[in-house]
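Dock chain S against the given chain W, drawing on the hints supplied.
If you read the sequences in order, they're chains W and S.
My numbering numbers the first residue of the first sequence as 1 and each following residue consecutively.
My numbering numbers the first residue of the second sequence as 1 and each following residue consecutively.
Careful, some of the hints might be misleading.
[As the list claims (entries may be wrong)] Label pairs and their computed distance ranges (CB to CB): (1) S/Pro67 with W/Thr89: 27 to 37 Å; (2) S/Ala7 with W/Met95: 12 to 22 Å; (3) S/Leu430 with W/Leu72: 45 to 55 Å; (4) W/Leu101 with S/Trp43: 19 to 29 Å; (5) S/Phe438 with W/Asp3: 55 to 65 Å; (6) S/Thr196 with W/Ala16: 31 to 41 Å.
These are calculated hints, taken from the structure and not from any lab test.
Predicted, not measured: the structure shown is a model, and the values here were computed from it.
Backbone N, C-alpha and C fix where the C-beta goes; we use that ideal spot for every residue, glycine too.
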Amino acid sequence: MLDQYLPILIFMGLAAVLGLALFTIGWFAGPRRPDAQKLSPYECGFEAFEDARMRFDVRYYLVAIIFVVFDLEIAFFFPWAVSLRETGTFGLLAMLVFALLLVVALVYDYRKGALEWD
Amino acid sequence: MNAFSVAAFNSGLTLATPEIFLGLAGCGILLLDLLIGDERRHWTAALSIAALLITAVLAAGVEVSGPVTALGGMFLVDAMSQALKVVALVIVAVVFVYSIEYMRHRGILKGEYFVLGLFATLGILVLISAASLVTVYLGLELLSLCLYAMVAFDRDSGRAAESAIKFFVLGSLASGTLLYGMSIIYGVTGSLELGTIAAAVQGGLATNIGLLFGIAFLIVAIGFKFGAVPFHMWIPDVYEGSPTCVTLFVGSAPKIAAFALAMRLLVDGLGGAHVDWGQMLVVLSVLSMAVGNVVAIAQTNLKRMLGYSTISHVGYILLGILAGTSQGYQSAMFYTITYVIVAAGSFGMILLLSRHGFEADRIEDFKGLNARSPWFAGMMAIFMFSLAGLPPFIGFWAKLGVIQAVLGINAVWLAVVAVLFSVVGAFYYLRVVKMMYFDEPVDAARIDGSPLMRAVLSANALLVLLLGIAPGALLVVCAHALP
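Same shape as in the complex, but just chain W (with noise of 0.2 Å):
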């Protein structure tokens, strides 16, 4: 019984030795030609102004979490929306189930003040 667990040894074992060689292969054989411009810390091309650990409002998680149920919304819409006369009636019915799901998450939101900024 476990020898049938032999490949997956086998597997892992050749995992770590394939990650391992190709980073010693890039450590030895690319070019490392360093010096201080190279080196220094940067931010879209300019200095870096602050340091990069920096505390976040929490509102922008609000938003991203809005953003994220309204965006994935949208990649469903799309192709329900070409596909409509190939659908049909079933289509439209389907669809209105799942934007009015959205529609209850937006009504909280907002009654909850999570759209207002201040």
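What follows is chain S alone, placed relative to chain W:
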């Protein structure tokens, strides 16, 4: 994949009436809750409980003769799904009843607890009726995401936030593992539908190395969702850190979901590969019984102790599943249902004793309970005796069932281990009983709690006793569910 037919899909919708109703009720209650003020929040609770009970009636009323697949092969209704759904819905309703007073005292009686609970229950129902890997994952994620949010429900509590993060990170990892395993199984068998997978496995794939690889990942995820050793690390922290009303929720109905997850994936889908996953479950089961029962002895916090006790009980549930016989599955289902009933009651007792500014979650808080309220000391004793597996309480029959199941496959050593650790486990349950009856009370406050909660809690305990004296009806349900 069959060709999609609108008529067939619509006829399948009637089978999913309970889920559809619960989903709509959840949305409706979410919107209604926005309109009412904090002082009338108990209406949200009452509506949620009503919605759960109506759903339970609907779930019991769906007429099926034998397993029926619907909704394009995604959804399955059979005797097991019906029984598990009704139990899960009723248990969640009971959980809500227990939670109201506790939340009111802490100023966290918010509609979101109930709405999240309803959606988590919807996830459980979807998972129970899953006939495809996609539906399994959908139900599981709906359940898990709601639970993560519920654990962090008391926003001002640092401990709750800590346990929620632990739960979330580990839970996401487990979900990722599950998806990875599913993708491998899909790659090997070429189907997402559990029925087709089962046929492919029967057709000679059982020794396929890729399939074994996938099964190992599924077992990790199932072990995590159950809380089996060595994937149990989240249980004690989440149980102790979250508000007790959430601990009660996490500790009860999701165990039914975990059982359904194991049954759907391992038995419905991969039943032909029992030799492989059976071995893995043996390891999880023995470790769970050992670690759960031994570590629970050292606990002073009752929620944490019950957390370790959960881990040990999961070991016994896995014993039934790993037996791989229908007797084993029945006993595991019986064990799960009875464990959930008893767990709901024991966490309910903590909620009953807690009051404003007092959590009642240390074991000492139960000292001398008999002097304060002989009735509820008796109830707690029933729960503890049942968890310990003493006759004539229901826990005895559950343990007897799984031990008979492993004896049925001639795994005598497993039965011996199970009995030994249940003796170890009896110690810490009986310690609570000893403290209630033989120690002086350290706390003289009157036992509060709404009349409804007291009535339901008493009914819960009496049910444990009644089922222990006459377990026949529940045994018949389980036998009918998993012939």
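To see whether the hints hold, each was checked on the structure:
The beta-carbon spacing between S/Pro67 and W/Thr89, approximately 31 Å, falls within the hinted interval of 27 to 37 Å. Evaluation of the 12 to 22 Å hint for S/Ala7 and W/Met95 yields a pass: the beta carbon distance comes to about 19 Å. Roughly 53 Å separates the CB atoms of S/Leu430 and W/Leu72, a value that falls within the hinted 45 to 55 Å. A hinted range of 19 to 29 Å for the beta carbons of W/Leu101 and S/Trp43 is consistent with their spacing of about 23 Å.
Hint check: S/Phe438 to W/Asp3, Cβ distance near 57 Å, so the stated range 55 to 65 Å holds. With their beta carbons about 35 Å apart, S/Thr196 and W/Ala16 fall inside the hinted range of 31 to 41 Å.
Violated hints: none; the structure is consistent with every hint.
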